[in-house]
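Respectively, the protein sequence lines represent chains S and P.
Here the first sequence is numbered in this note's numbering, starting from 12 and rising by one per residue.
Here the second sequence is numbered in this note's numbering, starting from 747 and rising by one per residue.
These are calculated hints, taken from the structure and not from any lab test.
All of these numbers come straight from a predicted model, not from anything done at the bench.
Pairwise CB distance ranges (calculated): (1) P:816 to S:29: 29 to 37 angstroms; (2) S:233 to P:922: 41 to 49 angstroms; (3) P:958 to S:41: 17 to 25 angstroms; (4) S:20 to P:997: 19 to 27 angstroms; (5) P:955 to S:224: 15 to 23 angstroms; (6) P:889 to S:233: 56 to 64 angstroms.
In this text, a Cβ means the ideal position worked out from N, Cα and C, and glycines have one as well.
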Amino acid sequence: MHVPDGFLNAPTSVATGAVAAAGVAVALRKAHDELDERTAPLAGLTAAFVFAVQMLNFPVGVGTSGHLMGGALAAVLVGPWTAVLCLSVVLLVQGLLFADGGLTALGTNISLIGITTVVVGWVVTRAVLAVLPKRPASVVPASTVGALVSVPVAALVFVLLFAAGGEASLSFGTLTASMLGWHTLIGIGEAVITGLTVSAVVAVRPDLVYAARGTRAPLQLKRPDGTLMPAPASPEPEPAAARASVRPLLIGGGLVALALAGIVSFFASANPDGLEYVAEDNGFLETARDHAFGDFALADYGEVGGIPVGLAGVLGVAVVLAIGAVMFWLVRSRSAAQAELEDVVR
Amino acid sequence: MSGGHGHALYRPGDSAVHRLPAHVKVLALLAFALVVVATPRERFLAFGAYAVLLGVVAAIAHVPARVIVRRMVVELPFVAFALLLPVVSQGPRVDVLGLSLSEHGLLTGWNILAKGTLGVVASILLAATTDVRSLLAGLRRLKVPDRLVEIASFMIRYADVVTGDMRRMRIARESRGFEARHLGHARVVAQGAGALFVRSYERGERVHLAMLSRGYAGSMPLTTSAASRADWLRGAALPLAAAVVLTAVML
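Input sequences plus hints: build the corresponding full structure.
The structure is reproduced here in structure tokens:
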């Protein structure tokens with residue numbers, strides 16, 4: 012997702028640079044409230060953590076692997092403003108020292124990865140937290156959904172930027188579909204790892220999880236006569252009881268993906284995709300009418316068989332998930348080799 | 747905190763490029779990248795000239811070509827995208843080696859490939875000739891907010907420590923026979939990440955206390971001197987040459 016130089020034209024790069032500068036300026040002011048005067052060392056170490064976690068690559072499909080962006084994760088752990096700072100610093104260092112992401116695209120990268128994923132992840136997490144029971148363990152499903160939504164939204168913002176200043180003549184529909192498709196898959200990986208990571212931290216040090224602040228029920232003591240009184244403040248850590256298992260996480264993530272595909276696709280663009288457009292342009296769409304699968308009920312996302320587009324989308328996600336599972340299984344043995352490669356690269 | 751914290755990409759040396767103050771180099775790189783991005787993609791000659799300019803800088807800095815090539819790996823995902831563009835783009839088609847490719851897509855793919863590569867090579871040259879401390883001091887000279895520079899300095903100083911922590915956890919897992927086989931195993935990896943966060947955060951708290959006890963009062967002292975006029979002139983050479991190339995091809 013790190014955009015290199017030349018991907019977007021100069022005016023777009025300058026505009027996103029201004030957005031990024033404004034966002035970072037606000038975050039600098041607000042982060043002070045989240046971390047007191049400890050901002051620099053704590054945010055610095057958190058940035059180092061994000062930098063390390065971004066090396067956790069997970070395979071998405073042939074030749075494509077997503078790495079954790081960590082926006083939602085950082086927002087849940089240290090608060091949104093500090094997270095914006097951490098991600099921006101990680102991107103700055105990656106751009107300056109590791110040539111990862113172009114310098115003229117730094118503003119774009121900060122806007123996409125540093126601000127969009129953090130803000131979306133945080134807002135969604137808060138929204139889900141509002142409907143869940145008020146206890147630290149609720150942060151786990153909330154952050155999972157936050158991470159899941161944050162990645163496709165960032166991809167969507169990228170598509171909008173690319174449409175505005177990308178210079179390529181890709182059809183908007185094609186680009187949206189492919190970016191959203193891949194990034195929904197990446198989002199699922201991001202969601203699983205974010206949720207599990209948060210669950211591990213909540214189990215050990217719930218007091219460190221920013222999003223879990225204020226979710227602990229106040230301790231009550233019972234008097235001999237049966238009345239309750241609030242306990243005096245004690246530094247005792249909460250018992251480790253908040254660990255969530257993988258299964259509900261996977262099921263929940265899958266359900267949200269299905270819901271996205273089922274509901275959001277109703278609003279998706281009905282433009283023909285790139286290939287169709289080209290075909291139409293060159294006048295050979297007529298010849299394609301008698302496609303062997305033309306009568307297949309799902310053809311054209313369900314329009315032929317009269318299946319609503321949402322249902323076709325749901326089936327599509329199911330198929331993509333199945334393919335993804337097979338891919339993951341196929342490439343699993345390569346993970347060790349990949350780890351070695353990372354060491355070499357570093 | 748002085749020795750041993752250089753990043754892996756820095757190649758110590760004493761060339762004219764190495765001696766240039768970091769903020770001059772960062773501004774020169776940014777200006778060069780902007781000129782490259784602003785060049786119309788049909789002016790193929792210009793991109794060749796930019797590549798030659800970068801080659802000259804690399805030669806002055808004594809950065810061998812194979813070092814640059816090896817580090818260009820980060821660009822690979824976008825190379826894949828650039829190669830895909832001619833196939834999926836719209837518009838008039840041309841036949842290349844029996845493939846029907848989009849003319850516009852070819853141009854766009856070339857555009858991304860050329861500009862992205864030039865940007866990556868320029869960044870690699872900056873990283874190879876600038877050590878971390880002077881880079882951070884340069885950022886402060888460029889009026890990047892102090893707090894941001896401080897966060898960056900802590901991040902760079904502790905990135906090795908934290909990734910080292912992560913590597914040790916991985917070795918510990920693998921020496922106990924663990925291998926991430928399917929998504930269900932993500933839990934183990936994520937618990938490692940969780941432990942890593944707790945360790946990093948607690949380390950941050952300890953670092954802060956250690957700094958307070960040594961008299962830290964909110965900002966680090968600035969140690970580098972300002973750039974001289976000669977430095978600015980030397981630094982401006984690359985973007986100016988690029989700008990000359992750009993105006994030459996536009997006329």
